[in-house]
Amino acid sequence: MSSKVMSAEDAVGLIRDGDVVGLQSGPTQCAPMSLVRAVIAAGLRNLQVVSLSGSMALDWLATAGALDRATFAAATMESHGMCQRFRRAVEAGDITVEELSETALLARLGAAARGLPFLPTRGMLGTDLLKVGNPNVAVIEDPFGGGPVVACKALRPDVAILHAHRGDVRGNIAVEHGPRHPMTVLLPRASQRVVVSVEEIVDTEQLRRTPQQTILPSFAVDAVVEAPNGAHPTSLFPVYDYDTAFFESWTAAASDQASAAEFLARWVISPASHDDYLALVGERRLADLTIGR
Amino acid sequence: MTTLVPDPADYTVDELVVSRMAAEFRNDDQVLNGLSSFVPVCAIELARRTHAPDLAWVAGGSGVDPSSPRLTASTFEWPMWDSALMYVDVADELWDWVSDVRRFRTFCVGAAQLDAFGNANSSVIGDFHQPRVRLPGSAGLADMGSLSKRLIYFVPDHSPRSLVERVDFRSAIGYLDGHGERAQLGLAGGPEIVITNLAVFDFEPTSQRMRLRTLHPGVGLEDVLDATGFEPVVAADLGETPPPSSAEVSLLRTTIDPHGYRKRGFR
Chain B
1 MSSKVMSAED AVGLIRDGDV VGLQSGPTQC APMSLVRAVI AAGLRNLQVV SLSGSMALDW
61 LATAGALDRA TFAAATMESH GMCQRFRRAV EAGDITVEEL SETALLARLG AAARGLPFLP
121 TRGMLGTDLL KVGNPNVAVI EDPFGGGPVV ACKALRPDVA ILHAHRGDVR GNIAVEHGPR
181 HPMTVLLPRA SQRVVVSVEE IVDTEQLRRT PQQTILPSFA VDAVVEAPNG AHPTSLFPVY
241 DYDTAFFESW TAAASDQASA AEFLARWVIS PASHDDYLAL VGERRLADLT IGR
Chain E
1001 MTTLVPDPAD YTVDELVVSR MAAEFRNDDQ VLNGLSSFVP VCAIELARRT HAPDLAWVAG
1061 GSGVDPSSPR LTASTFEWPM WDSALMYVDV ADELWDWVSD VRRFRTFCVG AAQLDAFGNA
1121 NSSVIGDFHQ PRVRLPGSAG LADMGSLSKR LIYFVPDHSP RSLVERVDFR SAIGYLDGHG
1181 ERAQLGLAGG PEIVITNLAV FDFEPTSQRM RLRTLHPGVG LEDVLDATGF EPVVAADLGE
1241 TPPPSSAEVS LLRTTIDPHG YRKRGFR
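Residue numbers (this note's numbering), protein chains in the order written: chain B, 1 to 293; chain E, 1001 to 1267.
Treat the hints as calculated values from the structure; they're not laboratory data.
Keep in mind that the hints are not guaranteed to be accurate.
[Stated by the list, open to error] Derived lysine to any residue pairs resembling SDA-like cross-links, with alpha carbons at most 25 Å apart:
id	chain 1	residue 1	chain 2	residue 2
1	B	LYS131	E	ILE1125
2	E	LYS1263	E	GLU1204
3	B	LYS153	E	HIS1129
Throw the hints in and build the complete structure from the sequences for me.
This is the structure:
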């Protein structure tokens, strides 16, 4: 039996400069932050990130100069504000954007997942998002007479990166109970290669006891990376909360490029491994984020 | 600037806005909330605890009908939907439900800019490709605006910057340039009510321009006109916004939002 377990360094080796990278993340929820740190440490360049809501991961990649382009429905950290370094890079013309409505982004990924050239949505009709020269969306007439719809061209990321609760060495991936977010369940089906970090690697027999929690079979996964607290500082329901103080310190640092780069040097570049990162964050702080139930 | 609240001991303007929004929900409605939506979430909870106990709420678009939602600094995080009856698959279930014209008829939301015809901007100030200001993006609002939904906007900082004659960019459509242009695209629904920290607007049926309906207690007509970046229609029967009841204020302060997250953005 071949193992798909890899180090984060080896796993991000599946990503090449210029790749389209699908990034799971809510504004403060479940992003594969250990993999994002590895992407930055590897010095990858000219990436084209696809993300539903961006968050800190998008802002870090922008700060590191890893991004050429972003496809998104929102770029936000909710209460912690806009992704400031991303915003400045877009305003400076260093990053180009494809902004889509949520259903249009899901339609682009859904088309790729189903092997279709496009899927339509009724969202976004009449908006200026259709008037900015985006070649991936086009208003077409319903051939059955139901009025106009927006055709959304299939978007197949080269690599999807995401974080989940459990996996086995073969690459079967499981999550705990909770809402199923599109970038966890749809994104990997749309992508050519799939890299998943997990809180823990478990015996295959353990996954068999709760098959309803398995979201990806081994044949749909290329690499598994063990990373306890791998979503920190974002949340992983129902295990741990997001780290408010960490978000606040990033928001303060991100007000200018020099302090943002210093922040990355301390939290992303200096820890040689995920364990070093967790040690830097501190056991006590991680324990405080545990969701008591 | 006029004093917005005649007697702060009775209620604050955020509580009036929440109460006014809550009145828009019916007992048999379904509703979901977006990001940073403290006012809508408070209004949903207030309605559920008063006149609309059966109002079905998908908290944070993630959990159906939570029994004990806790409001924290996020309207998209687990303390709100932890006690849900059902967890949702957002791509497959939530958007299927929303696309059904029978369901989820009302959506409450804010935007960086809103114009005289109810078009909203959450994308850019200036040119799209070389923006002066890049905003967070329209996310689900760009969908909601084009579906057969009734949109209720809240504007906590009523000013010529937030309420403009024409938005820089139409991230989500209202009535486009009015006079039925939305219907000509085959689209039903659209914005119905705009609740600001000064007043309540609806839309004049023919021109589809924003129409001032009620002034909040203590706010004068001139105050509103001065603070609005366009000339609204003024209703012939311009009235006063009903203040929240003391029971509503008490629920908001003690139970629904004791930390006062709903006050964010108000001035």
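Here's how the hints hold up against the structure:
1. B:LYS131 to E:ILE1125: Holds, at about 15 Å.
2. E:LYS1263 to E:GLU1204: Since the Cα atoms of LYS1263 of chain E and GLU1204 of chain E sit roughly 30 Å apart, the hinted pair is violated (cutoff 25 Å).
3. B:LYS153 to E:HIS1129: 21 Å, holds
In summary, the one numbered hint that this structure violates is 2.
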